[in-house]
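> Sequences and hints are given; from them, build the entire structure.
Residue numbers (this note's numbering), protein chains in the order written: chain A, 1 to 387; chain B, 1 to 274; chain C, 1 to 540; chain D, 1 to 231; chain E, 1 to 403.
Calculated from the structure, these hints are not laboratory results. Hints are supplied without guarantee of correctness; some may be wrong.
[To be verified] Below, in silico cross-link-like pairs of lysine-lysine (BS3-like), each with a Cα-Cα straight-line distance of 27 angstroms or less: (1) E/Lys198 with E/Lys348; (2) C/Lys139 with E/Lys246; (3) E/Lys278 with E/Lys5; (4) E/Lys191 with C/Lys139; (5) A/Lys199 with E/Lys69; (6) B/Lys116 with C/Lys534; (7) E/Lys376 with A/Lys199; (8) E/Lys69 with E/Lys43; (9) E/Lys192 with E/Lys164; (10) C/Lys534 with B/Lys99.
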Amino acid sequence: MSTSPMNMTRQPALLGTSGIIFLAVLVAVSVLVPVLNLAVAPDSAVHVPTYVVSLLGKYLTYALLALSVDLIWGYVGILSLGQGAFFALGGYAMGMYLMRQIGTRGVYGDPVLPDFMVFLNWKELPWFWYGFDMFPFAALMVLLAPGLLALVFGWFAFRSRVTGVYLSIITQAMTFALLLAFFRNDMGFGGNNGLTDFKDILGFNIQADGTRLVLFVLSALALALGYVLCRFLVRSHFGKVLVAIRDAETRVRFTGYRAENYKLVAFVVSAMLAGIAGALYVPQVGIINPSEFSPANSIEIIVWVAVGGRGTLVGAALGAVLVNYAKTYFTSGILAPYWLFMLGGLFVAVTLFLPKGIVGTFYEWREKRRQHDDIPDEPLATPRPAE
Amino acid sequence: MTATATLAPATAELATAEPAPAAKKELTEALLYLDAVTVTFDGFRALNALSFTVDPGEMRAVIGPNGAGKTTMMDVITGKTRPDRGDVFFDGGITDLTKLDETQIATLGIGRKFQKPTVFENHTVLDNLRLALKGQRRALPNIFRRESAAARERIDEIFETIRLTEHRDRLGGALSHGQKQWLEIGMLLAQDPKLLLVDEPVAGMTDAETAQTAELLRAINANGHSVVVVEHDMTFVRDLGVRVMCLHEGSVLAEGTLDQVSANERVIEVYLGR
Amino acid sequence: MTSSARLSRLPRVLCAALALLFAAALVQRVEAQDISAALGQLTTNKYDDTEAALGALALSGSPAAAGIVSALADGKLFFGGTPPRVFIEGTGGALLDPLTMQPVADAPAVKPVRVNNRIRRAIDAASGALSLVSLDAAKRREAALAVGRSRDEAALPALEMALGKETDPKVKSAMNLARASILIGKEGITPAERIAAVELVGAEGNQDALAILRSVPESAAPEVKQAAAAAIEGIERNLALWGVAQNVWYGLSLGSVLLLAAIGLAITFGVMGVINMAHGEMVMLGAYTTYVVQEVIRTSYPGLFDASLLIAIPLAFVFTGLIGVLIERTVIRFLYGRALETLLATWGISLILQQAIRTIFGPTNREVGAPSWMSGSFEIGHLSITSGRLWIIVFALMVFFALLATLRLTRIGLEMRAVTQNRRMAASMGIRTNWVDAMTFGLGSGIAGMAGVALSQIDNVSPNLGQSYIIDSFLVVVFGGVGNLWGTLVGAMTLGVANKLLEPYAGAVLGKISLLVIVILFIQKRPRGLFALKGRSIEA
Amino acid sequence: MLEVQDINLFYGAAQALRGVSLKAEPGKVTCVLGRNGVGKTSLMRAIVGQAPVAKGSIRFNGEDITTLAPSERARRGIAFVPQGREIFPLLTVAENLETGFAPLKRAERFIPDDVFSLFPVLDSMMRRRGGDLSGGQQQQLAIGRALTMRPKVLVLDEPTEGIQPSIIKDIGNAIRYLRSKGDMAIVLVEQYFDFAKELADHFIVMERGAVVMSGDGAALEDPDVRNRIAV
Amino acid sequence: QETIKVGVLHSLSGTMAISETTLKDTVLFMVQEQNAAGGVLGKKLEAVVVDPASNWPLFAEKARELIAKEKVAVVFGCWTSVSRKSVLPVFKELNSILFYPVQYEGEESERNVFYTGAAPNQQAIPAVDYLMENEGVQRWVLAGTDYVYPRTTNKILEAYLKSKGVKEEDIMINYTPFGHSDWQTIVADIKKFGSAGKKTAVVSTINGDANVPFYKELGNQGIKATDIPVVAFSVGEEELAGIDTKPLVGHLAAWNYFQSVDVPENAEFIKKWQAYTKNDKRVTNDPMEATVIGFNMWVKAVEKAGTTDADAVIDALIGVTVPNLSGGFSAMMPNHHITKPVLIGEIKDDGQFDIVEQTPGLIVAEEWSPYLEGSKDLIADWRKPFSCGNFNVKTGKCGGAGQ
Ligand SMILES: Nc1ncnc2c1ncn2[C@@H]1O[C@H](COP(=O)(O)OP(=O)(O)OP(=O)(O)O)[C@@H](O)[C@H]1O
Ligand SMILES: Nc1ncnc2c1ncn2[C@@H]1O[C@H](COP(=O)(O)OP(=O)(O)OP(=O)(O)O)[C@@H](O)[C@H]1O
Ligand SMILES: NC(N)=O
Ligand SMILES: [Mg+2]
Ligand SMILES: [Mg+2]
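Here you go:
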């Protein structure tokens, strides 16, 4: 029996090859794009116009959002159909800050009340708007609002052992309820029109090219940090327990782990990441409205992750960018009337031909190429009839 | 071999129900104490006023016809199934197991091997053992946990025992049935519980492996662990050489040495056959 | 009056003859009146004049009046020429003289006499007054009810005259009620008369009675007002109870819609485990099938219109079923055992189907009509039941039980369940899993298509139709307990009724939000739904 | 009747069978022996079609069934009692048995009495869900289900696993009885050596995915065989 | 040859496609007509169509793409207010021109946007007046979808009705979610509310998809226009095409245009439109007319300015007058809204409207409602050098009500 010497400490590096490539690309992009936007003449072939910058910035926040889904779906098996809710809450927290920064520049010129409150005849700022004029408070709420919702929701759901599709559907119900609630003008978040017409962020004009670039670079940075954080989590012992929960939750309990706590930690981290993504998204697209809570949006996030490759992190980010690029591309020009065919066809094709998503299938292919035969080598003896 | 510090106060608090005086002595001495445990499923009695005790350091073999309630008994002990009636106490009556959930019970030091082998299919064999290895169970500390040299050694040891060293980097799900059985035994060893509940460990093993498993369990028991093992393989039960208990229709039909039990007419009739 | 009571027992023929006699008497009495003034008023193109003309026509008793009024109601009354004259459009578009009903030789260019809501009300009142002497008892009763609803004082003389001659007790009570309804709000009658009217109307005890009772004029005597108030209070108390029953009915009816929408999903998702995001589109395809069927019927076999839904149901089942089989064979079958990937693929399919329909039929709603037996409503006690909704409940239950029987009692049902529980082992038992999979997905899709036929009756037939049901469908299946058909039934009905009981208090929006929150909380209590599958295999 | 010739089988890149051959004849029991993980189950899966073979052929009554779908093999008369039972958990015991009707003509669609005389517990639990049965009961159900198909080849992968001793004896007797009827070929994977020894007409011993020994039942007395299987 | 690009920003997929697709076709039709007539400034027009897919952030993205990448001279687009709000900052930042063709809640006047749909006073208030005068309505149900347009419109109407002496208890306000499809309870409530002995009417600001089930339920529960008329502000010919209108005859809608307007200009337009779409049943509707007016105004302003440069065109647009399709002329006012006649129509059984009332003259939009506290002192006037969209007549300052 040829027992090959085993390397006990063989643990995947914090950043695998694909992780390093991923981060390198992010760094390259966040250096190149500003340079090509600012330093290159607009008529040059390599000039990156500002509208591309904000487009890319948007994609990056989607990528972070996808990453947050992959953390819980890919590694813990929680198929959250309500991740958009955390994204939107983060976005609203940021939006509220931006609204307060408008000051007297709103159409009604009210120094305190946002425009929509004025025309609904509100006399004073509701209590839950207090503090949002201060950036640190708003930044805190970007994390706390989704985090707390995830904590409370997850605490109940995981303790009650709501799993699988049941969990998926109640997350969907959650985001749907929030959608309806935020639609209500009485809620005090601007109803269907949401929050918009922002002017400044931290004193900088939100529409200035410089601000856009900074937001773009921040998005890239957030994505990079989010990736490293997720990667760190999933390869820790904690992360192994997560995967074990995904595959055999009861067995994990019998082994002495409190599965609900593990899930809760992952869920809250994921919600906060989504919240950060939302907060970076809002100043770049200039509006946050309740449609971000719509269940279809959350399903789309899942679709991005599936396209890129569930449980690969890099794939989730890639999927988000690719699908959204496809959307941008297909919705213009001659393809516009057929873009749903294109996108729908893309999804079907990916499931059929790249069953593990783009990155997942690539990993598998790479694995296959480098795999040596694991099952013990050649038979020790040639068959011979007994006697 | 003790429950983690955090759990101790909680369990002390939970053990409020005073057992009846008659049973008191047995209770305070027993590691595991079941009294009049009844479990019904939609009217079907799987356990019927089952009572027995397991002493610290004891190894006990459980036999009995298919459907006698052996697995259900383990389900009750490990918190998977709640009894309709009856008491289940652990550790000399300190802890009422019926009030705890699976995780708490596992943390107390009760480990289990399932009848149908269950391992973490998407983890390597090595990670399966790492996950099972006794140690920190809480979520946040495990984010920053590093594997100690002692742990590595212990895992190597277990690999020796279960003879899966050459499979250590394969996924749990890719093992054959018997290999999974061994892996699960290995995981049980890694947990290092006070009480091992082993459900049909030698199913699908060759005769030689069966003998080895018996030896392994004896060794573990000799180390001070209590063991309850369910098996239908009489050779194996004989190899264990411990007290045997035969269940039938949810309660104890006979108890004693294997020879005593297998001489029992009822046991022959319902279980061994003529 | 005793004689008329006896008369009513006489053979029908005699009755009819007598009625004719009365009618003739009526006509004679007013023959002297000239309706040409009224006709003149119809040529001014002013609503006020038209209304006045209608009043005059109603009272004229002219034999031509009924024809003129109904021509106006049907948009067949025209005016034109100098001096302007009125014409009735006959069959084939010929212009007829309204009095003689003879074609006019030198027809001028004409314009229709215009009608708006006010005129329509006047038409109702006038034709009511005119048909009060109709030979057909049912028509007379209808007319009495119409007059009562219009509460047009002008109709009072005609009503009283007709009442005097009426023999049929049913018609008579309707006329009395109509008279009372008018009297309640009329100036210058004695308190006693008014109280009698209040009591008569109060005895009706329905919503309409409430409206009439509330119209007792401020100037009425205190005892009248008191009587009215007492009657109103009594009715309101009674109606409040009926109101609860009514809400439950609405709930069941909403529940049946949810059931229909969810039941196909209970197969493709509940039984097969496919997270079928294209389910809503199957419902939509069923609705479009109905549309196409109706279009064909409209253009080629108009007589069959009332049967259009009955024809559409099997066609929708087969058509969407085939689409389902196609989807299963080309996509889903590669995904068994990978439930989550099915979400991605079916999401893609749903986008494709939506856009396909948008491309073929356009983005706007398509019109699907209701056959006559699905229109209108009737009352049981004070419960108002719309026929369409009733049929939808019946249909939903029929589909449900047919499906239940298929799954429980037939061989294919057993094979479907076996395949979905363990595909590999089912194959080794000799079950042709490919075929069974295709049939199961086809069945689920076909049922969704049939649901679409029903939903086309109450909702938009547009490419977005499916999207609006998909969330509710999943919610119902999950709330009821995945894999349990009874759960889907009870889940749908529970959610429907809960929604409708919440709505009056919380409003539609908050009601829906509360319901979602309740479902979320409920799932905490029962993490596997209302009718949770239990047992070892599930808990393992 | 059933002839497996020189087959290879892979799981991904890992090879589980290497040139394995086996023969099963009516009225005969062919035993497959070997330690854990040597490929016994893989061989059975190849026979019933649950795993595709990369090389070699499987013939049944002269017909090449190497690439036939599992359901078609079952319809030709190959029944399988898998390792791990694979009961349909949510079907009742009765329904589990009835799944075996698929290959049968309408007139034959009943459960043979043999099943109940062999496993009386099934009779008393007809309405219970298969998944709720105890492990041993499920094993009995799995055998009963296969017998319901009236197979020509019965493939049993460790059928005695988890079964109480008296019933193991019964199963042994049943196999003998089925063999004695002479029209059924039986392929039996067994770790329980004494059980195998008593039943085997032929046997093969596998090691690392290959056949390392084969012969008549009588040859099982050879201590060499036991040594092969021992660690 | 160099072309002038014209952006079309209407949803062609998603929930709003149902309404917006027609407007895309309308712009394409107008572009073709204009090119046939020689184009603008001697250049051909080229439509650039994108699909914002009923997704509000995508509206902003696509607007940016049209202006910054495609360099369009003008954009025709948006339907919902939120889509307009979403693209607004983009138009301001990149200084381009948006023509918005849908009736909306008002409370806005932006330099870069030209509003060719109705403000509330150009639709809602005349409709209510009509019901009060002609139907003697005393009791009102204000039913709407729960979003800003119905909320604001109803707020204005409520104030207006109260100013006319309608009592609190005679007004019932009801909001439903988007796409609400089960109207049983609400219709029953309306019926109940209407049985209080006073003539009752429903003013409906119910949006899009929810209308079909609403009208179907009205029909089912037997509510006839002669009992309780419903006047709608979002139901036009296009929406009615999806409903069997026989049970709905007599219910009303208030718009600034109906297909049934009986003037030669309209007949001509319908003929060309149906020829263009190769569909002799294709209907026209109010937002289409608003699009047509906006398009023609832009063409005229560009020719007046002699350039497509945004600043010049924005200035040139004010005062431009073009024929509308109801036989009159509409003018672009300094508040960037246009003058419109208001028409009340009753639904006919063929899905068209019978126009029962038309305001004698054109109505000027009140972009800032006098019935709302916050806006009653505001006016907009974009003429230089005043150039202010929210001038406060009380404080005499531009910039809203702020102190
Ligand atoms: N969830 C359940 N629902 C219904 N019956 C159940 C359930 N769980 C167990 N049973 C029944 O309870 C009885 C005891 O089952 P158990 O699994 O404990 O038997 P066992 O002694 O372990 O048998 P084996 O030796 O075959 O493993 C069996 O008859 C089984 O069918
Ligand atoms: N699904 C799978 N994927 C990858 N490898 C597998 C898979 N199933 C089995 N193997 C490997 O193939 C080899 C043969 O397995 P097989 O199950 O045929 O063994 P066996 O002889 O039946 O063992 P046992 O006696 O334990 O049941 C083993 O090394 C096993 O790890
Ligand atoms: N502006 C509207 N109708 O949303
Ligand atoms: Mg057991
Ligand atoms: Mg095996």
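> Does each hint hold? Answer for all of them.
Evaluation of the provided hints:
1. Between lysine 198 of chain E and lysine 348 of chain E, the direct Cα distance comes to roughly 26 angstroms. Compliance with the 27 angstroms bound is thereby established for this hinted pair.
2. Taking the CA atoms of lysine 139 of chain C and lysine 246 of chain E, the gap is near 21 angstroms; set against the 27 angstroms cutoff, the hint holds.
3. Taking the CA atoms of lysine 278 of chain E and lysine 5 of chain E, the gap is near 25 angstroms; set against the 27 angstroms cutoff, the hint holds.
4. Annotation: proposed proximity of lysine 191 of chain E to lysine 139 of chain C holds, straight-line Cα distance about 25 angstroms (limit 27 angstroms).
5. Restraint check: the Cα-Cα separation between lysine 199 of chain A and lysine 69 of chain E comes to about 23 angstroms, which is no more than 27 angstroms; the hinted pair holds.
6. Distance hint between lysine 116 of chain B and lysine 534 of chain C is fulfilled; the C-alpha atoms sit about 19 angstroms from each other, no more than 27 angstroms.
7. Taking the CA atoms of lysine 376 of chain E and lysine 199 of chain A, the gap is about 25 angstroms. The hint holds against a cut of 27 angstroms.
8. Restraint check for lysine 69 of chain E and lysine 43 of chain E: satisfied, since their Cα atoms lie roughly 20 angstroms apart, inside the 27 angstroms limit.
9. For the hint pairing lysine 192 of chain E with lysine 164 of chain E, the CA-to-CA distance comes to about 24 angstroms; that is within 27 angstroms, so the pair holds.
10. For the hint pairing lysine 534 of chain C with lysine 99 of chain B, the CA-to-CA distance comes to about 22 angstroms; that is within 27 angstroms, so the pair holds.
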